[in-house]
Amino acid sequence: MTYDVAIVGAGPVGLMLACELGQHGISVGIFDAGSPDSPGHPRANNQSARSMEYYRRLGIVEELRASGLPENYPTDATYLAGFNGMEIARVSLPSKQEALRVCRAGDPVWKSAEPQLRTSQRSLTPLLARRLRDFKTVELFENVEVTQVTAGDGVQLRLDNDTGVQARFCVGCDGARSMVRKAMGIRLGGEDGLDMDFMGGRMIASYFSSPNLVSLTGMQPAWQYWAILPDIRAVMVTLDGDEEFILHRQLPKGQEPATYELQADLDRLCGPGVEVQIFSSAAWRAGQALVSSSFREGPLMIAGDSAHLFTPTGGMGLNTGIEDAINLAWKLAEVVKGRAGDTLLDSYTQERRKIALRNTGYALKLARAVGECPVAPAIADAGPEGDAARMAAREHILKYARNEFEHPGIGLGGRYDDSALIVPNGTPPADHPISYQPSTVPGGRLPHVWLDDNESLLDLAGYSFTLVDFDAALPVLPATWCEKMSVAVHRLDRADLAGELGARAVLVRPDQIIAWRCTDAGDVTRAELENALNVARARRVADHAREIVQ
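For the sequence shown, position 108 matches number 88 in our numbering, and the numbering has no gaps at all.
Rather than coming from a laboratory, the hints here were simulated on the basis of the structure. Any given hint might turn out to be false.
[Stated by the list, open to error] Each pair of labels, with its calculated beta carbon distance range:
(1) His21 - Tyr380: 42 to 52 Å
(2) Tyr380 - Glu125: 14 to 24 Å
(3) Lys464 - Ser72: 50 to 60 Å
(4) Glu42 - Asp367: 15 to 25 Å
[As the list claims (entries may be wrong)] As a list, the in silico DSS-like pairs of lysine-lysine whose alpha-carbon atoms are at most 27 Å apart:
(5) Lys317 - Lys345
(6) Lys345 - Lys334
(7) Lys317 - Lys91
(8) Lys116 - Lys464
(9) Lys334 - Lys91
(10) Lys233 - Lys334
(11) Lys334 - Lys116
(12) Lys162 - Lys379
(13) Lys317 - Lys464
(14) Lys379 - Lys91
Positions of the beta carbon are idealized from the N, C-alpha and C atoms, including for glycine.
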């Protein structure tokens, strides 16, 4: 078997990468020891607004939105002195129906074409697998394990059925113990499972159903339920707004995952009599902020958990991996199709590693803030002492908690300002995790603007390079030139948008990142556009990159 690209691991990141490559007509073999149609243990319960915009382009966003919580179910986070105890604090967050309504009306905070969605990887993975099967150049191999990866003249893979696979490139989306990363000879570095009062060190996650948990405790509807007691802290996430839950609990010192008893914890947190059916459990480490020293070594690359490991606070791990896939796919396609040289792939580490360091650092900062919540012995007691304990915890929670659930700057504001693929023009906005400032300064995401009731400016940015002319800035571009340069052109005749966005025209990469813009009153020449496209494909060194090298 021979492919342009072999992908090891068919989780969401590997499947997204395969779908993106399929859009470009690249031959792909993707291999997984399990089956993405049966994703098993729930992980990653938040899809960011940025990921949702990419799912929108892929055509799966409506079906994904229909999964998980009921459309009118609140996505609040509530903090309780035990699941059957008094509510300490609540962070109110919209249902997916309300979030969609605000988004369509023009959300002044998120400024995105799609709202974030509280739904599990269990819903996303089968959807991506079904979409992948639409691409004739992509083959999915389930229940087969890659046992060896060797790089030389291309890449050779050996499967557990003794089949050999040849590929020009191989991408490891095979998780924390990545075989591909080991074949690259590189390691993860950073903070590894810091011990904290909560969301640090050894954790266990239990996936279960209970028909009477909500009625027994009297809990009011929420997406996340945090139990805060002196002797135990846990967070429980509802997957369907009804009977399915996943509970994360820090393991006591000395206890092994095999001896953990979920029933005992639920009896302690909810009161006796909770009916439980346990589906699965998984041990993991919290408090991590680990990033690989490189994301590429010759024909081998890594993405997602193979390249970076997060503490889950803030829900950034999967979403950072999805952005890895989007960034890498178009670069592989350009190289395979001969429109760019191998040096284009060097930009993958340059662009994505910086974002991984930024995002893992912020997630760890959030986890530390959560772990520092004061929990006095009287927190579950009635009376003045209990009231004071809950007030102290409430003040801490309300100071930090919303930042865990609403951080548009992290998802929408990531930038590649020092990338060699960008033609600089202007001062980029400040990078702030909580606030996002749309900008056409090259290096950042194309801003979302509603062009009509259903079409976003982002919808114009497809899988090729895209020129968007807002104000008659571009010259006549013959179809033969557009085909030769592999670029789509959209002329909007919207001087109002040119003024609002600060650009008369922009060149957008296939990952919806602006590579060049026109801000001058004069006409743009075809030579200027060709130069920008050559820089974006690493066929010419941008002036700022030349200065960095020197």
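Distance restraint hint 50 to 60 Å, applied to the beta-carbon atoms of Lys464 and Ser72: 54 Å, holds
Given pair status - Lys464, Lys116, alpha carbons within 27 Å: 25 Å, holds
Consistency of beta-carbon spacing, Asp367 to Glu42, with hint 15 to 25 Å: For Asp367 against Glu42, whose Cβ atoms are near 47 Å apart, the range 15 to 25 Å is violated.
Hint consistency between Lys334 and Lys116 [alpha-carbon to alpha-carbon, up to 27 Å]: Status violated; Cα separation ~34 Å.
Glu125 and Tyr380 - C-beta distance against the hinted 14 to 24 Å: For Tyr380 and Glu125 the Cβ distance comes to about 42 Å; the hint is violated.
Given pair status - Lys345, Lys317, alpha carbons within 27 Å: 42 Å, violated
Pair hint Lys345 and Lys334, alpha-carbon separation not exceeding 27 Å: 17 Å, holds
Pairwise hint evaluation, Lys91 against Lys317, where the allowed Cα distance is 27 Å at most: The hint is violated at about 35 Å.
Restraint check for Lys334 with Lys91, where alpha carbons must lie at most 27 Å apart: 24 Å, holds
27 Å Cα cutoff - pair Lys162, Lys379: 41 Å, violated
Proposed proximity, Lys334 with Lys233 (alpha carbon, max 27 Å): Not OK: Lys233 and Lys334 at ~35 Å, beyond 27 Å, violated.
Given hint Lys464 paired with Lys317 - CA-CA distance at most 27 Å: 12 Å, holds
The structure fails hints 1, 2, 4, 5, 7, 10, 11, 12 (numbered hints given earlier, in ascending order).
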